[in-house]
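Using the sequences and the hints, build the whole thing.
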Amino acid sequence: MPFPRTHLEPEHEMFREQVRRYLKTNMSAKVPKWREQGHVDREDFEAFGENGWLCLWADEEFGGLGISDIRYDQVLQEETIRWTDIGFFHNAHSMLVGPYLDRFANPEQKKSFLPGAVSGKTIMAIAMTEPDTGSDLAAIRTRAEDCGDHYLLNGAKTYISNGIIGDLFVVAAKTGDKRGQIGLFVVTADMAGFSRGRHLKKMGLPVQDTAEIHFENVKVPKENLLGDPAKGFSYMAECLAVERTMSAISSLSHAQAAFDVTLEFIKDRRVFDRPVGSFQNTRFIMADLRSRLDSAQAYLDQCVLLANDDKLTPEDAASAKLLCSELQGEVVDAGLQFHGGAGYMDEYEISHMFRDARIARIYAGTSEIMKEIIGRGLGLGEKDLR
Amino acid sequence: MPFPRTHLEPEHEMFREQVRRYLKTNMSAKVPKWREQGHVDREDFEAFGENGWLCLWADEEFGGLGISDIRYDQVLQEETIRWTDIGFFHNAHSMLVGPYLDRFANPEQKKSFLPGAVSGKTIMAIAMTEPDTGSDLAAIRTRAEDCGDHYLLNGAKTYISNGIIGDLFVVAAKTGDKRGQIGLFVVTADMAGFSRGRHLKKMGLPVQDTAEIHFENVKVPKENLLGDPAKGFSYMAECLAVERTMSAISSLSHAQAAFDVTLEFIKDRRVFDRPVGSFQNTRFIMADLRSRLDSAQAYLDQCVLLANDDKLTPEDAASAKLLCSELQGEVVDAGLQFHGGAGYMDEYEISHMFRDARIARIYAGTSEIMKEIIGRGLGLGEKDLR
Amino acid sequence: MLNRTIYDEEHEIFRKTVRAWAEKEVFPHGEDWRADGCVSRDIWKSAGEQGFLCMYADEKFGGLGLSDFRYDMILAEEIGPREPGFFLGLHNRIVGPYLQNFASDEQRERFMPEVVTGDKILAIAMTEPGTGSDLAGIKTRAVDEGDHWVLNGSKTYISNGFLTNLVLVAARTNPDATHEVGLFWVEEGMPGFERGRNLKKVGLESQDTAELFFDDVKVPKENVLGDPKGGFKTMMMNLAEERLIGAVGFVARAEHAFSITMEFIMERRAFGRAIGTFQNSRFKMASLRTELDAAWALTDHCVREHMEGRLSAEMAAEAKLYTSEVEGRVVDECLQLHGGAGYMDEYEISRLYRDARISRIYAGTSEIMREIIGRGLGLDERQRN
Amino acid sequence: MLNRTIYDEEHEIFRKTVRAWAEKEVFPHGEDWRADGCVSRDIWKSAGEQGFLCMYADEKFGGLGLSDFRYDMILAEEIGPREPGFFLGLHNRIVGPYLQNFASDEQRERFMPEVVTGDKILAIAMTEPGTGSDLAGIKTRAVDEGDHWVLNGSKTYISNGFLTNLVLVAARTNPDATHEVGLFWVEEGMPGFERGRNLKKVGLESQDTAELFFDDVKVPKENVLGDPKGGFKTMMMNLAEERLIGAVGFVARAEHAFSITMEFIMERRAFGRAIGTFQNSRFKMASLRTELDAAWALTDHCVREHMEGRLSAEMAAEAKLYTSEVEGRVVDECLQLHGGAGYMDEYEISRLYRDARISRIYAGTSEIMREIIGRGLGLDERQRN
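Residue numbers (our numbering), protein chains in the order written: chain A, 1 to 386; chain B, 1 to 386; chain C, 1 to 385; chain D, 1 to 385.
Simulated from the structure, these hints should not be mistaken for lab results. Computed from a predicted structure; not experimentally measured. Wrong hints could be hidden among the right ones.
What the hints assert, rightly or not - Straight-line C-alpha distance at most 30 Å; calculated BS3-like pairs for lysine-lysine:
{"#": "1", "chain 1": "C", "residue 1": "K233", "chain 2": "C", "residue 2": "K221"}
{"#": "2", "chain 1": "B", "residue 1": "K201", "chain 2": "A", "residue 2": "K311"}
{"#": "3", "chain 1": "B", "residue 1": "K201", "chain 2": "D", "residue 2": "K24"}
{"#": "4", "chain 1": "A", "residue 1": "K219", "chain 2": "A", "residue 2": "K231"}
{"#": "5", "chain 1": "D", "residue 1": "K139", "chain 2": "B", "residue 2": "K267"}
{"#": "6", "chain 1": "C", "residue 1": "K229", "chain 2": "A", "residue 2": "K30"}
This is the structure in structure tokens:
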């Protein structure tokens, strides 16, 4: 019997049923095609939009449902990962990029960008990371020069999720010479000087298109500046707690799915005349993982409730992200191991899960950055404690 | 900011304040004496009794408060561990032995045993383990022979907590030759043929008196049989989920206290001209432990709520016990390490915590037994899966 | 870093030769071979020309008569980490020894010359769909038809399986006795012998791992290796060397991962410092360095024992277990220290991470190694009953 | 189990002698010594009579002129695990070498004879309250008063601190330069030299660990070891050997824990089977066996390098780090396999567990070892600026 999740109400479970039915019927079968071509299709975003599942939080005037309860996003993400592929990044669109528009866009900006975001006609991405900066966002070099009625944007970004199919990019760029003086700009793919670089090949997440993008004298009209041109850094900090909670949700959903795939396999696969799962070593490791999955789920669900009330601290979001991504890594590793040679072969789902999972301890802030955040919260920062 | 614990209501926190004030004022100072003599004093149990803190669940007619909400027991245990010593086993009295009386004693038995249990005049212990049986309870050898109006009890038990100061023992004994045919008997220390063996010396928990006890032709009146003489095994199974939850509570409270002691130490102690806590390695390990403590707490608190509703499965109780005791082991080990040489010295509290913690992965069922339980719950038992 | 003392001067000269050849002939083809899913036949012939194949073979077969295990260690160390699909160790130290030590003179005369030139690429076919490490569970059957055997069944996860033209196949020779297994040399072109797919996998992209099918394959009696009932025993005799050559490859790959990571973390900067100078990076690398050195010490010790002919199956299992687990930890931590770059194909660490994942599985999983070691300690119910 | 090849026949003869002596003279006193908080002075003299103390000392001082490190390894292996409080290694291989290698002829003549007989028990006093591994932070001061130095300060966690009658004390000799430190031989009976408490600790109950106080202690100039400003350098020169003898002791204790656990789990039964035959037990023991063997391989390798005079400080740090971490894992898993018995004083594993906990801390914590190894790799901000 699974550990009961008390934070979900009947309406969330009804929503889950609805999502599940749709995904199983309409999308599960597309996964091989997505993996082959290296991205989902525009129609997949649009289908989500038609169902009302993009940017749930958006106001009805923009076509949204005005639902800010992120338990719905959690359910959506859990079902997406279980029935399609963890690389379908509609959640990044809705909950990683979307919140910048929700929180910092002015009414005109909302009017112009949100309808497309909600319908899925406009696929969104965020462009922060640059070659050589990694987690050190204050060190970015992309510049936005104030030219009166517009900004002139120059620079390059990399590791951009939805980078190939994206239409709208929230771009972080330096607006002055001080470290951390950063503004956020809405750049659309049709602007002159915007170009996409390589579609990056990577170990896993084949469904997720990760790309480089370049800005060469892109004229970004002032109307596309989000909020204060010097406050981008604190805007990003503000959105990170939700981003990391979402990342933790993905990791844990993926870990739960990998656990289930493995559990099924080891009950079935026999060796030395017994099911692999009946060996004590297998049983003990699965038991240990089960208890940690349940514990992480209980914690994460609490974090989700706190995030709903805007009470989730950056430290707690970092804890959730750290825990869930590390656990995901352990589950897929053990799962592959228990598959034996089969686990190494592409035809077994666990092999994809293993490859897909490795980025989770890195993106949305590495485990090391998470520990810095939590550790500083304990008063152990090098600068605070002398 | 600590991770918010949402399962406690204001009345529990009021209770915590009351307990804390009492323990700090009246009991903290006794710890060195307890450690020296190897047990708490009878008066300490009686003091708890006077405060109404023993067997909270007992009916008012027996002097109890009729409170079956185990969050109060959780709070009591957390405060006991923080302000006195983890070896003061009033919780074993109230929540490990007590429930056998609560669940299986008939009205006459309750009338005769509960008032002393509630007042602390009768200190209770449970006698299951025997030399050579360990976790395999079905293999016990102590026998209770049916002699008409009484049972004749013969055998020996070991590792009995409260074994030196205990007055009343719930004893498991074979009542027939079938494996697992066991009855439970209330044996009092004044019965002829009852004797205590050695007060066992052990690595830690000096405040907890752990002893051997012997039964040589002890005549146990039939009125002292609890329930059905053949159902002791299933009675024990019934009580184990709560016992393990309590054990998990103790482990996690101890781990939290060890974390705090260490955090304080490393902020203060300097090496190479910097506080130990300001080194990145220290900060990262403390951050990792912090996130796991929070996660375990969220899970455990959910388990407590489930136990309150009698919905906690044996598997989930085993998960909580496994997780919390393993985490406790890691916290005290890292805590001692960060104390450096000081951590190895008796005068630093962390050295006691390190020694006290090692039994937690063993008693109330070893980590291996917990994994068996959880693993079988997954359908991976050797007998279920062929 | 541990000062390895196992090599003499002539070995280091050999190492230089190997390195120069590999830089020129092997490494430049990596990308193509990964796209092809196997290395080229030409590189096998080139290795043969260099004298790198089955050096222990008699000079009359073109070999060098040199059985010193350390030359194959050097091949594993120099080539494996950078071109993981070129399974020289499998040819030289896993299958080759069957031909060298257990085959008939006639078989050696017939096969060894081309094995030494690289015209014949060796493979061994034990695993079947659903059997994994459990050799007693194989279902491929060989039926004695007088002057030949008839082979039926299928094998999977066969390394070198796509390129091989001489494969040693394990098959049951008695339907009533699971432990009666024979070993048969199956040659390319024998009717009924077919290759299946070249399997796609997590890593080792340039290593051809294939399914093999046997449909009424007539195998002449001359192609039976030794006693057709005694294949198990033969297979057991070569296990120590098989695990040892694996172990060398695992530590070597881990060492390579360590070394490219050292470069990366001293070059890449964050928050104004080389990322290698953060205490966390320093401590992780220090721990990995220590584990690597313990792995080298254990491996070299086992090699010395092997050269003295006294390496036990349990010690070989310890070496295989320990080195593959260390390798796994090293590539994981090293990838982490690369950050996002570590996930991208263009960074070598991402390939090493994927390649390494099979080490804890093939040639006997870590679990099987623990069974062997634990049973060697006497911790086995069956031995006690 | 790893076949160790480091010992020759004469070493094994010596091992038998040590073992016989220890069974008769050392081990029977364990309980008393634990109650006393230290071993007896008599056992030191008995060891001296056997020729076990500072074997490298010149024959004219009663020594054997035998510098072979392996004899001290054998003492550590045979005695340490069962009588952890008898710190022969400290006397012979940590403090003794200062006298042998860096002292004046006059000091050697004066002290060595009694050091060899065991009448003088050696200790070294570096650590101070609040400094831990940070030697640059010591506050004990020595002031030059012409024909003598005056010592003031206090030391703590001094092993052999209660029994010692000749202790080498590190003190700052220049108030303005933290790195100018001198080493002083302080003798029992010098006015102002006092011992504090024999500290109670988690384990090592029979090892006297004490505080030492120096209140205007007049130390004659003849008792200065080498350059009174150059103590740091001297201390650094002996670190490799200090860590190596520690490492041997750690693996030996872990090996002993493994061996008593093997006995326990084959004897103790649960659910109708010896608990050693459960797969979990078998796998745990197999993993521990593997780690132990890696630890022996690494340690013996380092000893060989040390005997060749080429063991680096970093490699010694690796050996210390690795063996103490392995020891910690081994005693923890072994205790777990004992179940409730493992927590009881009457089972030896409970003592081994407590004894082992200091190994990751003293003679430089695991964190300090990682700093040393990591800096040796060049991963150090300071080296780059």
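Going through the hints against the structure:
no.	hint	verdict
1	K233/C with K221/C	20 Å, holds
2	K201/B with K311/A	49 Å, violated
3	K201/B with K24/D	26 Å, holds
4	K219/A with K231/A	20 Å, holds
5	K139/D with K267/B	21 Å, holds
6	K229/C with K30/A	50 Å, violated
The structure fails hints 2, 6 (numbered hints given earlier, in ascending order).
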